[in-house]
Amino acid sequence: MSPPLFGPDILRALLPFIVVAVGATLTTLLGAWRTRLGLAAAVAVLAVAVLALRGAPESVRAWEGALVLDRFSLVFMALLLGAAFFTLFLSEPVLRREGRVRAEYYGLLLFSLSGMFLLVSTTNLLMIFLALELLSIPLYVLCGYAREDDRSIEAAMKYFVLGSFSSAIFLFGAALLFGATGTIDLAAMHGGDRLLGAAGVLLLLVGFFFKAAAVPFHMWAPDVYDGAPTPIASFMATAVKIATFGLLLRVLSFAFAAEAHPAAAFLDREAAEPALRWIAILTMSVGNLSALTQNNVKRMLAYSSIAHAGYLFLGLIPGSGAVDGAGVTYYLVAYLFMTSGAFAVIAALSAREGGREVLTVDRFAGVGYRRPFLGLAMTIFLVSLAGIPPTAGFFGKYLLFRGAIDRGLTGLVVIAVLNSALSLYYYLRVVVFFYMKETDRPAAIDDALGFRLAMIAALAGVLWIGFMPDLFGLPGIPSLLGWVQASVSSLP
Amino acid sequence: MHESGAGIAETSLLRWIVLLPLLGAVWNGFLGKRIQRRFGERPIAAVGCLAVAASFLIALRAVLALPPGGAAVDRIYTWFGAGDLHVPFALLLDPLSSVMALVVTGVSALIHLYSIGYMRGDRGFYRYFSFLNLFVFAMLLLVLGDNILLLFVGWEGVGLCSYLLIGFWFADREKAAAGMKAFLVNRIGDLGFIVGILALWWSLAKHGLFSLDFRAMAEGIHLLQGDTILGVPALAFIGIALFVGAAGKSAQIPLYVWLPDAMAGPTPVSALIHAATMVTAGVYMIARMSFLYSLAPQALAVVAAIGAATALFAATIGFAQTDIKKVLAYSTVSQLGTMMLGVGVGAYAAGIFHLMTHAFFKACLFLSAGSVIHALGGEQDLRKMGGLRKKMPVTFLAMFLSTLAIAGIPGFSGFFSKDEILWNAYAGPHGHWALWLAGVLGAGMTAFYMFRLLFLAFFGTCRADEETMRHLHESPRVMTVPLIALAVLSVAGGWVGIPKALGGGNHFHYYLEPAVAAHEAHGSHALELVLIAVSVLLALSGIALAYHFYMKKPDLPARLTARARGLHRLVENKYYVDEIYGATAVRGVLILSRALRVFDDYVIDGIVNLTGWIARIVALISGWFDLVFVDGLVNALANGTIDLGRRARRLQTGAVQTYVLAVFGGILALIALYLGLGGRA
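Note that the protein sequences, when read in sequence, are chains A and B. The letter at position 213 of the first sequence is residue 213 when you use our numbering, and the numbering goes up by one with no holes. The letter at position 85 of the second sequence is residue 85 when you use our numbering, and the numbering goes up by one with no holes.
Careful: at least some of the hints might be erroneous.
What the hints assert, rightly or not - Chain A side only, calculated, beta carbon under 8 angstroms to chain B, not exhaustive:
1) 162
2) 216
3) 220
4) 272
5) 275
6) 278
7) 372
Bear in mind the hints are in silico, worked out from the structure with no lab data behind them. Keep in mind the model is a prediction, meaning the values are calculated, not measured. No residue lacks a Cβ here, since even glycine has one placed at the ideal position from N, Cα and C.
Using the sequences provided together with the hints, build the complete structure.
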């Protein structure tokens, strides 16, 4: 009955985690001797991790669900690696500009990444908690990395206080759930005490909603993104969101898998749906409406990422069908490229005045003419974020919305469409400043190679998905949609 | 789109029509700055003009190669295939898109040529040509796209280019508020358009039709008859939603307010984008979707009514404007209304016919105005012009001929297209005498204020100052040649559609017939001739009135305005529509957004205080518990926390408590919702 405790398959499955965790440790240690080599070490670790991922087996379940390596987790780990690469590209030039190049930075980043890896490949509540903490604690430090900037410190403190708070709530939920069902493996849970179980799941979810910055658990996000160094803000907007939604997908598909799976539904579907619907509506509407009046572009992107989480929630509502894993995953791929690209542009344009980062939209005046490529790239990222074809963002929205319509969530889709039409306003406002305004004090533009590489990679992704949304007909490359669909087939 | 007889030919020529302007835009956009610095403006202009000219020639070849009544498709690749839906990236050349492609590339080529002279010496010469090419690319995608999704890509693309080109000289011209208004107005239009596309998409999918290309939709559209969306017949719902988009792009009531502001851009841009091509996209879209509109009489009635109202309303504003470009802008709004009236009464071919002739004469009018502005060193005020006829004979001639065309004088292009619309508005299947009356009155007013413009600018004595007078000159050849070409087209462009009542063959109508839903006006030739006579008489009296006011008795207008000051001020200020919008709609959205902030700042803080009070009582009760069990632990923790607390002084503003409170509120709400205490969202 019980699978082997250890074996070559399990070892190969563990390899990606080991690589990243050991790599993180070594990179941090490197700080003692050759602190400038941090980037090189981190890139090497990620490269080895890619190899380890390629060699990983596709279906391993061990230790009461503490390690679950299936296609789903592999796809999400690949996405997380992508997000990490983008963050590395952005980090080095920013650190160099501010005179803060240190290997520990990269070590912390890798530790956080290893937490995310674990988060998307487990069904064990204890493991989820460990992963959440492993993900978060390095981020608390990284948020406060710009030590002279009191807003950076503020961001770290707020994230820390509220993050601990949400961890506590999660832990409480996990305890209740264990009490109700007698197991900590989500995949092995059967019925048990219904009320206790439901309370447990709700609190559990609140912990995740907090990490996903869903309204009303979102309030930390703008402050933290705004204060954190831009590459870290980008990492939180992409990687943390990807990991959290991966986890949410897994948990909710277990929670809702009533008939299809022996794991009994411990969340009453009928009862849970209104809550999820309200969260979806509030998250997209509050995110978009708040973004409207933002003059600080980084803050605007923070609210925008809240709004995108709202769209993603559409995919988490089962409606008359099941959780739309393919739609959510596809959207996350598109979201990764366009958001990383936009943050790369922001990072190239940010500057410190008196220790504080200045990123008001008027700094962007006339930039489109001074740097045609940067201007064009930002325009495309923003158009994609707004969901206009032929860009990645359009197809992401299309799949999510169509899936939701098919599951009978028409009202929600109408609200989502209204919201995305509204969002076009504040996205294009940045373009207006790029091309239509003049300024006496032109902003300094950082032409570092890292920014440019990130922009090119993001632009390639956005346009590639936009023009060939299913990456159709290319030898050797699986269809993106097919890849995404295959990945969620391993969910219940 | 009924494939009568000739089938669909496959071709790979069409992609080059679209691609060449894009290549030109990329070339000049990325290399232009360096090229301009080293080699001057010539190579920039050559690339920009040649790209569009070559695109025109290829389009011409492709159109001539079409079998009569047939169509050609260029399937580039499968853009998107998910599940049952397959959207090809394909371009379609049928009679309708042939007309559009030729008009767009032809007029663009002339305007590109003209721009060489107009933009000479501008620092951003390369930038300008790059954007202009990019615009042509997007516009061609709009008119050649084989499915509604590609049309939408072009639709957003032209919008973006239009902002970029308005903004070319934005900083020194207009206030930011005006730009913001234009922005919001177009968002409203686009929202309607998106809703329309999605509704169409899902309605068709419900019937198992998973295609978005126009021919397939035309064949399946009848399936939607009898469906309803939100209680409205599905076809009417979709038609009206799409029309909201068209109203935004084509400047119809109530979304027309952005177009006059767009005149802040360079004049050739106004000619190309805000007169000849982009603003007509809405009319084109309705003609393209004619298969849908023909089954949705309610939607058609809305289109026709709004079109007629716009034609009349904008014409009255044209009376009192003193800025030469603003007069032309309101006349564009009014003419677009006339086109909408045409397609709204089901006379799609007539609407497209007027779109074409309007492209000729309005481009000519704008370019002539540009020539005048250029010669006067940037002056746009009609009150400071006058007597330019002798100094600028070519410009005058072009302006004169195109004014005759817009006024609807028999023989000129505008006459044929406008009377085709008016005839259909009266006697067409969806016509009504009131629609005809509005249209014909608007036309009469157009004749009046256009001749007012002509008389004020070119006749009488010059009212410019000495300095400007001395520099007065005819524009260079590179600007006058396009003027002449467009003037010739303004005269002769209508001869392809001479109605049968006047002994012509109405060839244009029959050329377009395979591509748009059929329509035929019913009435005798005699009636048609009477209606034509009425409209010509009205136009002539408009001209006579303008002559009387502005040539014979130039002091009369001033006396009249003095007598009816209130009315005049109302018209001069465009009925204060801009101000009303600013005070209501624009502010409304901003208030909602700010309200969220205020909510954050005050309401939640209030709740914090309340709960603080409750918490204190709870704290008292549990105090003994702490004393006994927890104190030791707390003391140990506190020492470590003081240091952190000093750094985090900002946290004590209450913000973090607020956030935590929101989390608790959220949890309570979730539980309440879970227990079924809230309604279904």
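Can you give the numbers of the hints that this structure goes against, from lowest to highest?
Checked against the structure, no hint fails, so every one of them is satisfied.
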